[in-house]
Amino acid sequence: MEQTASVLTQCGGVCNARRKRSGKIKIGVHSKSSSAVKILVAVLLGLTVYAFISFDYKEIVLSEAISATLRNVKTVFLEPRLSSDTFRNVMYQLFVTFCLGTLSTIFGAIAAFFCSLLCAKNTAPSGVANAVKCVIALIRAVPTVLWVLIFAVSAGLGSVAAVIGLTFHSFAYLTKVYAESIEEIDDGTIEALRASGAGFWQIVFQAIVPASLSRMVAWTFMRFEINFTNAIAVGAAAGAGGIGFNLYMAGSFYFDLHEMGILTYIVVIAVILLEMFSTKIKERVK
Amino acid sequence: MNESVKKVFFRRKITYLVIFAALIAVYIISASATEFHLSEGLASFPKAMAWIGHNLMPDEKAMKRFPKILDKLIETALLSVAVTVIAAIFAFFFSLFGSKATGFNGIVNRIVRIVAAFFRNVPDVVWAMLLMFSFGQNILTGFFALFFTTFGLLTRAFIETIDEVSAAGIEALNASGANFIQTVFQAIIPSAMPGIVTWILYMIETNIRNSTLIGILTATGIGYLFDLYYKRLDFSSASLVVVSIIVLVIAIELVSNLIRRVIL
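Protein chains in written order, with the numbering used here: chain A, 1 to 286; chain B, 1 to 264.
Think about it this way: if two alpha-carbon atoms lie no more than 30 Å apart in a straight line, the pair counts; the simulated DSBU-like pairs of lysine-lysine are: (1) K72/B with K38/A; (2) K176/A with K282/A; (3) K13/B with K176/A; (4) K13/B with K282/A; (5) K61/B with K72/B; (6) K176/A with K47/B; (7) K58/A with K231/B; (8) K38/A with K100/B; (9) K64/B with K231/B; (10) K282/A with K100/B; (11) K58/A with K74/A; (12) K47/B with K64/B; (13) K100/B with K280/A; (14) K133/A with K176/A; (15) K7/B with K282/A; (16) K13/B with K280/A; (17) K47/B with K133/A; (18) K58/A with K61/B; (19) K121/A with K13/B; (20) K121/A with K133/A; (21) K68/B with K58/A; (22) K72/B with K58/A; (23) K133/A with K72/B; (24) K7/B with K280/A; (25) K64/B with K58/A.
Covered stretches of chain A (chain B as the covering partner; in silico rule of three or more C-beta atoms under 8 Å from a C-beta of chain B): (26) 45-59; (27) 144-157; (28) 267-278.
Only part of the chain A face toward chain B is listed, based on derived beta-carbon distances under 7 Å: (29) S33; (30) A68; (31) N72; (32) C99; (33) L100; (34) T102; (35) L103; (36) I106; (37) A237; (38) T264.
It is worth saying that the hints were derived from the structure and are not from the lab. Glycine is no exception: its CB is placed at the ideal position from the N, C-alpha and C atoms.
Modelling step: build the complete structure from the supplied sequences, incorporating the hints.
Pasting the structure below:
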């Protein structure tokens with residue numbers, strides 16, 4: 001009898017530890033990570049509320065603006081029509097945008113490949129790697145369109161400024177991800193080649209490239225997708241040509257919403273096709 | 001050397017050659033289509049660097065504009081936080097219908113994914129110009145232009161996160177008779193939260209950069225300030241704008257790295 005009683009009290013003690021004061025069973029687990037998430041969510045929500053309070057809305061009539069927006073959205077997406085341009089020319093401009101993206105991806109990838117060797121911990125001394133990482137972070141922090149505009153001052157508006165500007169950001173982005181792929185390589189492979197007397201470039205082309213090529217290709221295609229959409233934006237904001245420039249002219253100069261609609265559809269279809277293509281490539285290289 | 005080893009090295013050489021040749025071919029086609037000349041590009045590069053070193057330095061005149069720049073910078077930072085948070089809330093509920101794990105039928109899943117793809121792929125340039133007609137030079141133009149793209153991107157990201165991490169928990173709760181709302185709050189949110197937060201932090205950083213572009217197009221925010229100084233050829237003030245954007249982006253990157261280290 002006594003034994004059972006003590007077992008019961010013991011169980012009571014254990015069970016109490018897992019119950020709240022109200023008698024409900026505790027179901028949450030409190031950890032450092034979950035409370036950090038809670039604090040972060042609270043801070044972000046607070047900032048959002050503060051943002052909406054602090055914005056200067058300039059006495060806008062919201063209902064009017066929204067109904068006008070809906071009308072325009074309807075015109076753009078439901079009544080697309082080419083008026084001032086031929087379909088062939090639009091497709092050619094799309095091709096130009098595609099080529100801007102390609103060029104900047106190629107240049108960015110080549111430069112990033114060599115730079116990532118200076119940036120990865122297992123191929124460069126840590127002092128050099130850290131210094132290169134800092135420079136890369138600086139380059140990446142500047143928005144692409146600002147790079148294009150900065151280069152446009154000395155090179156003039158046009159494809160040269162656009163390609164160099166787009167290349168800068170891709171270069172910084174790709175250096176970071178390439179270096180990460182190189183750092184994931186098994187140290188043993190590099191050590192084995194070094195021990196057998198291979199030189200630096202032999203190690204690079206016989207160990208590093210074969211081991212990380214598939215990941216690098218996947219990242220490069222992902223960057224190409226980004227560069228393609230950036231090329232559209234740059235074409236619009238910096239007059240660098242391609243379909244982005246057509247979009248900008250239709251939207252800001254001719255106020256031709258019908259033409260904007262068809263250009264938008266062409267861009268959306270192109271981007272979705274590109275996404276499907278690059279998913280296929282990623283699956284294949286994996 | 002062994003025959004098969006030789007073959008491996010031979011194949012590797014061929015692969016490198018093929019890749020190299022393909023790159024050259026793609027380069028030639030693209031360069032001719034865009035009228036890009038490598039020599040011109042290479043020649044302008046050192047010139048541009050020298051110009052940046054010489055002109056893109058904030059001076060005293062620029063420092064006088066600093067309060068105004070700081071004001072717009074804070075506005076831009078708040079805007080990108082607000083856009084990302086609101087878009088994330090919508091995207092989260094929307095992604096519940098798009099995830100395979102939550103057990104809605106395939107047609108609902110597909111519709112959600114198509115809608116998300118649409119919002120993701122319509123360029124923010126188009127939204128910016130469309131909204132410019134009706135909202136004018138207003139901060140809400142930037143807000144909505146960023147909102148639609150962010151919403152599309154986050155919906156896809158959240159669907160993937162939920163599919164990846166929550167499937168087992170959802171199944172367990174369903175088996176024990178929990179209803180949909182209980183499942184969402186007890187299984188999906190706790191397990192997917194770290195992934196969701198990582199995406200939100202990433203989008204805040206991206207939106208700061210994107211809002212510069214939107215700002216140039218719609219004459220609002222920090223992008224407009226840069227464009228204004230740039231077109232007035234007041235490059236020292238423009239460079240102060242660039243420097244302040246760099247500081248903001250890197251600060252946010254450092255903070256989000258710190259947060260990621262704690263929660264993951």
